[in-house]
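K.L.:
Sequence:
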Amino acid sequence: MTPEELQQTIGYQFKDPELLRRALTHSSYANERKPLMQSNERLEFLGDSVLGFIAAEYFYQRCPQLPEGEMTKMRAAAVCEPALYGYAQTFGLGGALLLGRGEAATGGAHRPSMVADAFEALLAAMYLDGGMEPCRAFVVPFLGRGGERPALEDSKTLLQQIIQQNPEDSVQYALVEETGPDHEKCFVVEVRLHSNVLGVGRGRSKKLAEQAAAAEALRLFRGRE
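Going by the working numbering, the first residue of the sequence shown is number 1, and it counts up by one from there.
Any given hint might turn out to be false.
In silico DSS-like links for lysine-lysine, alpha-carbon gap of 30 angstroms or less [to be verified]:
1) Lys34 - Lys15
2) Lys156 - Lys207
3) Lys156 - Lys206
4) Lys207 - Lys185
5) Lys185 - Lys156
6) Lys34 - Lys185
7) Lys185 - Lys206
8) Lys156 - Lys34
9) Lys73 - Lys185
Here are the simulated distance ranges between beta carbons [stated by the list, open to error]:
10) Glu41 - Asp16: 17 to 27 angstroms
11) Thr106 - Glu133: 30 to 40 angstroms
12) Pro17 - Met132: 32 to 42 angstroms
13) Gln161 - Pro67: 22 to 32 angstroms
14) Thr106 - Ile10: 20 to 30 angstroms
The set of hints was computed from the structure by calculation and includes no laboratory data.
None of the values given here were measured: they were computed from a predicted structure.
Don't be surprised by glycine CBs; every beta carbon is placed ideally from N, CA and C.
Start from the sequences, fold in the hints, and give me the full structure.
P.N.:
Dropping the structure here:
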């Protein structure tokens, strides 16, 4: 997907195309360029805060009867890695990323942690380019799916609810790969039903990888509906 196609898809035209390019530039790509380019890591940092604010504001306004603790849980579910990966999947963000040769060859465009980070970077670029209003317009539809109080249970819980419709069935999560240095681990987890692999997930922790695997399994089940 080209930057032009991405802008058409998300419904926002950047005044400064360089901001968009930087948001799509993974560090693996930037490090292969001479002179070195800026990656999206700093934008990711800013985007995390912009996203957190929009989500907090949304639940505060839409759920006036909820106590702080419940709103905190809803915000956490809405901005976690599996959720961001799911949002990004709806408009094909992974296909627009600029990746180094190694990352591209090993499926980086489909890695939940990488795509989720890029979603935050894209949001930050949008904020710097046009302010908070286009960011709200972009994010709120994701938060608002499912009504005024969206169902924001984690993917593992949702998957378990589906599987438990047959009391004899249960899923297991198996760690199949662990790579990277201690400060930047990547875990790969499979979610299995009997001997069948329902989904594979990657994340910076085993919990995140399990959530990503469950999210992929949910997409499988929903595709059958």
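K.L.:
Does each hint hold? Answer for all of them.
P.N.:
Hints, one by one, checked against the model:
Of the pairs offered as hints, the one joining Lys34 and Lys15 holds, with about 26 angstroms between alpha carbons and a cut-off of 30 angstroms not exceeded. For the hint pairing Lys156 with Lys207, the CA-to-CA distance comes to about 10 angstroms; that is within 30 angstroms, so the pair holds. A threshold of 30 angstroms between alpha carbons decides the hint, and for Lys156 with Lys206 the separation of about 13 angstroms falls inside it, so the pair holds. At most 30 angstroms may separate the alpha-carbon atoms for a hinted pair to count; Lys207 and Lys185 meet this at roughly 12 angstroms.
As the CA atoms of Lys185 and Lys156 are separated by approximately 21 angstroms, the hinted pair is consistent with the 30 angstroms bound. Between Lys34 and Lys185 the alpha-carbon distance is near 27 angstroms, which keeps this suggested pair within the 30 angstroms criterion. A hinted pair counts as satisfied when its Cα atoms are at most 30 angstroms apart, and Lys185 with Lys206 qualifies at roughly 10 angstroms. Under the criterion of a C-alpha separation no larger than 30 angstroms, the hint pairing Lys156 with Lys34 is inconsistent with the structure, at around 43 angstroms.
As the CA atoms of Lys73 and Lys185 are separated by approximately 26 angstroms, the hinted pair is consistent with the 30 angstroms bound. Between Glu41 and Asp16, the C-beta spacing of about 18 angstroms keeps the proposed range 17 to 27 angstroms intact. Range check, Thr106 to Glu133: Cβ separation about 38 angstroms, and the 30 to 40 angstroms hint holds. At about 21 angstroms, the beta-carbon gap between Pro17 and Met132 misses the expected band of 32 to 42 angstroms.
Between Gln161 and Pro67, the C-beta spacing of about 24 angstroms keeps the proposed range 22 to 32 angstroms intact. Distance hint check: the CB atoms of Thr106 and Ile10 are about 26 angstroms apart, consistent with the given range 20 to 30 angstroms.
The earlier numbered hints that this structure contradicts are 8, 12.
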